[in-house]
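Peer 1: Given only the sequences and the hints, what does the whole structure look like? Please build it.
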Amino acid sequence: MRTFISTLLLIFACHGLMANEAAPLAEDPAVEQRLITISEEMRCLVCQNESLAGSRSDLANDLRAQIRTMIKAGKSNVEIRQYMVDRYGDFVLYRPPVKPTTWLLWLGPFTILLIGIIGLLMYLRQRNTSMDSKTLSDEENRRLDVLLNTVETEFKKDARP
Amino acid sequence: MNPRLLIPLILFIFLVAFLAIGLSRDPREVPSPLIGKPAPNFEIGQLAEPQKMFSPESMKGRVWMLNVWASWCVACREEHPLLIEFSKTKTLPIIGLDYKDQRADAMTMLLREGNPYTLSAFDGNGRVGIDYGVYGVPETYVIDKAGVIRYKNIGPITPEILKEKISPLIAELNQS
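As given, the protein sequences belong to chains A and B, one line each in that order. Mapping to our numbering: the first sequence position 161 is 161, numbers consecutive. Mapping to our numbering: the second sequence position 113 is 113, numbers consecutive.
Watch out, some of these pointers could steer you wrong.
[What the hints assert, rightly or not] Capping the alpha-carbon separation at 27 angstroms, the derived lysine-lysine pairs in BS3-like fashion look like this:
#1 K37/B with K75/A
#2 K99/A with K37/B
#3 K72/A with K100/B
[To be verified] Some but not every residue of chain A turned toward chain B, in silico, with C-beta under 7 angstroms:
#4 L45
#5 D62
#6 Y83
#7 R87
#8 G89
#9 F91
Calculated from the structure, these hints are not laboratory results. Note that the coordinates shown come from a computational prediction; the quantities given were computed from them, not determined experimentally. Every residue, glycine too, gets a C-beta built ideally from N, C-alpha and C.
Peer 2: Below, the structure is given as structure tokens:
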């Protein structure tokens, strides 16, 4: 157990290191902190599975430099985000805005979950009612007797020494 | 056969269709928010003559093409012969934007492989590239007479794209 926990701790520690990997040598810590906060929310367009904060691509370097300049120029986070969206579209954001084109993206999973739950409930209810209401008709009872009798006679036949 | 047994099959087909569409789309093709917007203006020196400036303003009234390229970019070389062929038709001015390049390297490439460009602007630090949302060279923009971006192609132009998309668009834009 102890090994497990220390492994976990090690993984988390490494994770922290990796997340900060591409942060440039800090000039103004406050600016760098904001830069990291902003760029972690953005996708690197070149290596699309990396954030702008973590990417070492040339474009990511340029864009981080651009964001840094904008922070120093006193731009707000919203303005900087808008600057990036104006150029690269919503795709640059890891958290896309809720609007008609992204409704499916935002609501799709919940809709599917809801459909699944409704389907399951309908199935369960139907199964319950069908189990409750099953009584045999006279005809079915007669056939059941015949079947049981046959089984019994066969069994007796086999059981003879 | 109970028709309700078909429901899982239908759902499965839907799922497969969705995944197939998702897989066949190119994740590198990011729709540009710039289409339908005025081409960002800039004023930078030209590649061959640094003291001479180029600005998209000067292209007002003409349909033109902005092709972002670089000597270090392999896909640009792939596209280059097609651009040269296309430039011979004199359909429209093709302006190059030499992106994050060394002047000497870029000039050498144009000397060796031909120059399809009316002129190239030199964007050594990539600042203009950022304004145009460039993230993978080559990228090509078709800009109309009013200076509005009407089309963006990411990656090398192929003969099909040129024939089916770009040429008809240019013809249409030239008429208006």
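Peer 1: Of all the hints numbered above, which does this structure not satisfy? Sort the numbers upward.
Peer 2: Hint 6 is the one this structure does not satisfy, whereas the remaining hints hold.
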